[in-house]
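Peer 1: If you want the building blocks of each chain, they are given just below.
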Amino acid sequence: MATAMYLEHYLDSIENLPCELQRNFQLMRELDQRTEDKKAEIDILAAEYISRVKTLSPDQRVEHLQKIQSAYSKCKEYSDDKVQLAMQTYEMVDKHIRRLDADLARFEADLKDKMEGSDFESSGGRGLKKGRGQKEKRGSRGRGRRTSEEDTPKKKKHKAGSEFTETILSVHPSDVLDMPVDPNEPTYCLCHQVSYGEMIGCDNPDCPIEWFHFACVDLTTKPKGKWFCPRCVQEKRKKK
Amino acid sequence: MRKPRRKLRQNAEGRRSPSPYSLKCSPTRETLTYAQAQRIVEVDIDGRLHRISIYDPLKIITEDELTAQDITECNSNKENSEQPQFPGKSKKPSSKGKKKDSSSKHASGTSFHLPQPSFRVVDSGSQPEAPPLPAAYYRYIEKPPEDLDAEVEYDMDEEDLAWLDMVNEKRRIDGHSLVSADTFELLVDRLEKESYLESRSSGAQQSLIDEDAFCCVCLDDECHNSNVILFCDICNLAVHQECYGVPYIPEGQWLCRCCLQSPSRPVDCALCPNKGGAFKQTSDGHWAHVVCAIWIPEVCFANTVFLEPIEGIDNIPPARWKLTCYICKQKGLGAAIQCHKVNCYTAFHVTCAQRAGLFMKIEPMRETSLNGTIFTVRKTAYCEAHSPSGAATARRKGDSPRSLSETGDEEGLKEGGGEEEEEEEVEEEEQEGQGGVGSPLKGVPKKSKMSLKQKIKKEPEEAGRDTPSTVPLVTVPQIPSYRLNKICSGLSFQRKNQFMQRLHNYWLLKRQARNGVPLIRRLHSHLQSQRNAEQREQDEKTSAVKEELKYWQKLRHDLERARLLIELIRKREKLKREQVKVQQAAMELELMPFNVLLRTTLDLLQEKDPAHIFSEPVNLSEVPDYLEFISKPMDFSTMRRKLESHLYHTLEEFEEDFNLIVTNCMKYNAKDTIFHRAAVRLRDLGGAILRHARRQAENIGYDPERGTHLPESPKLEDFYRFSWEDVDNILIPENRAHLSPEVQLKELLEKLDLVSAMRSSGARTRRVRLLRREINALRQKLAQPPPLQPPSLNKTVSNGELPAGPRGDAAVLEQALQEEPEDDVDRDDSKLPPPPTLEPTGPAPSLSEQESPPDPPTLKPINDSKPPSRLLKPRKVEEDELLEKSPLQLGSEPLQHLLGDNGINRLSLTAPDTPAGAPLSGVGRRTSVLFKKAKNGVKPQRSPDRSLENGEDHGLAGSPASSASIEDEHHSRKRPRSRSCSESEGERSPQQEEETGMTNGFGKHTESGSDSECSLGLSGGLAFEACSGMTPPKRSRGKPALSRVPFLEGVNGDSDYNGSDHRSQDAPGGPPAQWCSHPCPPAGRAEAGRAETGRGWREALPCPLL
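Going line by line, the protein sequences match chains A and B. Quick note: the first sequence, position 40, residue 40 per our numbering, numbers continuous. Quick note: the second sequence, position 479, residue 479 per our numbering, numbers continuous.
The hints are simulated quantities; they were obtained by calculation from the structure and are not laboratory data. No experiment lies behind these values; they were computed from the predicted model shown. Where a beta carbon is used, it is the ideal one built from N, C-alpha and C, also for glycine. Among the clues, some could well be false.
[As the list claims (entries may be wrong)] Chain B regions said to be covered by chain A (calculated; three or more residues, Cβ under 8 Å): (1) 44-56; (2) 573-581; (3) 585-592; (4) 644-650.
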């Protein structure tokens, strides 16, 4: 189909995705392996330290401990790398998804145009009805998808602190539950549910939960400035 | 059995390599005579010669007998397998038979020749029929149109055969080869398909089927299974089976009578002037509308089933012929009927009325009238005027929407209005008639009633019919010659072109004879179903699009899942990272728990140093003389470094360093500097932290050698198990009498920690207070006995400080300097409260008296005013000396009173004091009064200060209590004090602060603001100082003097504001003078200090204030 040229292009572009995913996962695996190795090394070092600590001079102790410390810092480095890699991979897939969404929207728009055109030509009421029905079906489907896809940009934008999202998001507040729920879908928020509706990201980069439903944190509109989740607020207070 | 086969193979082998076998063969061959050879077949297998008589019966191996062994045998033989051994199992038996025949034949005849080439004839016809398979195995696959196009679908009929015969006859005569029937069929097929393509490309107008067509006889569009509406394949006339007399729907095409019998000539109805519609022939060979025949009473159908022919036209009375149709205004053209209304003679042609939409009802009477030969129906037709309104017209109303403009003339002719709808019908007919027939006669605008629903397809035909040419112009697409050439290009026979021409013409004629209907049925139906196909195509297209969409959505879904997975991975990795961190912490705790404890303790300690005074080593470039006084500098960062390098093995070492920090600071800095005070505060707060840490360490149990946990955790003293009884017990002095004061103090402190760790409650606060009191008491007690030395020393020192300063008593100063830190250290270590409170006042006055003789007179008024000022402001302003004593009493009494009231701390202070307190304070006051007066003069006196301070202590102690009389003063004082204390108010209450202030003795005056003036000034000053950037304390000499002056002035002002207005009244310029006096002594002292050491300075500086 000539109209789907961009979709063909998309297919071309996505061709590499599995490879890249594989590569990234491979890398992560390697890093993980290295981390595990380091951990084993640390265990050995620790055992050694405990057994010999009595005879060690302070300097030696420090030296020994430093070894362990450096091993740990290596571990942390690997872990950071892994997290980075995971985030990068996520971005990659996310990018593809967004592009696909854009292309699909275009595709649908094209189709709709065509449909309308052909509806005009074919005077048969049946054809018209069919076309309409199909359009409706597609429309609803499209909507469902759109909301789900908007999850991500919304998140991102929220994080970036832009107000723009609200206007977009408020458009489809109701039909967010269209997507079937994947049993493995990651859960967020204090309620440990999957993401739906408007979400807000905690501005604490180390927040264990990261995303919260507006309702669960008693928000109706996006707060101005930084926002911290109740847990992080508590932590902060404690630290103070 | 197998020999024949082997033999054959052998033959093949031999042919390939005859030489090796020839040796073996030759001897045996020679032995054969010709006659023998005739009868014997020689077979050489594997070098062995076999002879088989031709008379021997040879069995034929059937397929069934061919065992697997044979097959393997054959396969294992390389040479055999090279040959096409198994053309197919099924072929074997027959081929074998043939082989045998041929081989035996060869063998018998040519035994001397080289091996013969072997061959087999595969008889395809002999294949056994495959057993029929279950129906499930069969599936009908419709050939795609492309394949069908390639096939020859046309079958000749007799006509074609006859024509071909004729053509062939002619060709034979001409001496050309004949054209086979197959070729003919092929060519016709191609022509058909070509024309089909042509017609399809030229537009599908023929294929339109009017769904809502209605029968042009009864004008009804109902369509039952038994009475369907038929369409003429040529003129597209739509009639009901019954209406047109077609009991059975014929196979193939159906043509109306008119198209069937008079295709070339348009027919005219004998009974009306209108054209078009459903015609039937009359018995005399004319044509007439079916409707006309029905409606005109005299006319009937000969056969009422087939509704033909029409009879009885002759019976029509001449009168009927003469009627004038009121619709078409024609007279004498056909027979008209009249309105059935009685007395209405309006006449109209049946078809005209039909077009005009008049009320014409053919009642069901028709059924009842089927008895006779005459088709008598009860028919009612009314003229416009008498039509029951809407009855007849309702049905057709929506059928023909069109403009009214053209109907104008017709309408004008009509008598009544109100039948626009019907008119429209007419008008449609007219349009068609004009378009299709081309030349409707003027004055005969109405056309055949039957052609209401003509299709476009009909037009050319009608046009054709109209034209004079006898050949009806059917829509047979002409095939261009180049196409013809292409069609026959694959064939080769003589005179091809000529034949093709002829064939084409024949085909055209045939098509025309069939009125353009394709000769191939499939194509015919194709034409009909073309639109459906288009529809289907559209459906297919949409479904394809749907599929595509589905595909993309699936992809989208997969991607979404991938994203979710990666999100999970990301979370997992984050958790892993956290895990590593936690593991590290755990490992640290495992490997060096002691260090961790120390570190947290250090952190806590450092938290108590918000100004970061102690966090870094003293900058020696800033204070070059630091090392002169401090031999072992220490700070938190150094401690941390030591900690990290595992240099602390015990908590004691750690504590030692901490104490070093404090003592260093206190040693180097004067008491009244914020540094000093910060150090004191740190010491107090740190003490609690260290105590806590120690407890923890004991509870957890560390191995000092290794800095790790003990293998077994020590038996936990249930420190945290605790009851109020314990506390209460310990609160009773008798219960702990057996313990040494130090131990008691420790115990008490522990309990205090414990209690204050409790949840807040009334019981708790009470006990906390009690404990504090006890602790204070104990501290005092502790301070007292040894005291006699240190406190007195202190006193002398502190006393000496001031006096010594002015006097340049360096020795005393030095002593003071040295002692004080010691004192501090002592206190730090032992937590001994220093002497301060009231006891010292005892000795103090004496000292002060000794030292301040010159001053008292001058001081007196102020001092007088002061106590009252504390108690009653208004009074103190006026009554100076008068009130001198009474206020003192007053002062002490209320104080006492207050203290008593407020219990706790006050009690702790007062309890021991009470015996001596009042008098002492009295003395203090008095002396202070004296002193104050002296202050006005030249210098401040130390001792009165001190004595005052005692009084002040009371005052202070009491001040927090809400005594109305004191409040004003209290407020005024509280401000600076609270300011000065604010830093230290961590865990400790103001009271505690006071205690420490007291315990610190002089050093504490500054802090606790014991002396009204000094403390105010100082505390205010300190606060001021603190505000102004904490510069002075660590400064080297000289500088402070400069900064001190304004500072003091500021303080002065402060103190003035603070409510000691009496001074200014007493001695105008007093405060300034009073404070101005400071710069002087400091200067003097500074000189002295310089002469001596730098230390004196620092210490001495504040002293005058005290």
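Peer 1: None of the hints should be skipped; say for each whether it holds.
Peer 2: Status of each hint after checking the structure:
Restraint check on the stretch 44-56 of chain B versus chain A: 0 residues with Cβ-Cβ distances below 8 Å, three needed, restraint violated. With 7 residues having a beta carbon nearer than 8 Å to a beta carbon of chain A, the stretch 573-581 of chain B meets the requirement of three or more and the stated coverage holds. Given as covered by chain A, the stretch 585-592 of chain B passes the check, having 4 residues with a CB less than 8 Å from a CB of that chain where 3 are the minimum. With 4 residues carrying a beta carbon less than 8 Å from a beta carbon of chain A, the stretch 644-650 of chain B meets the three-residue requirement, and the given coverage holds.
When each numbered hint is compared with the structure, a violation occurs for hint 1 only.
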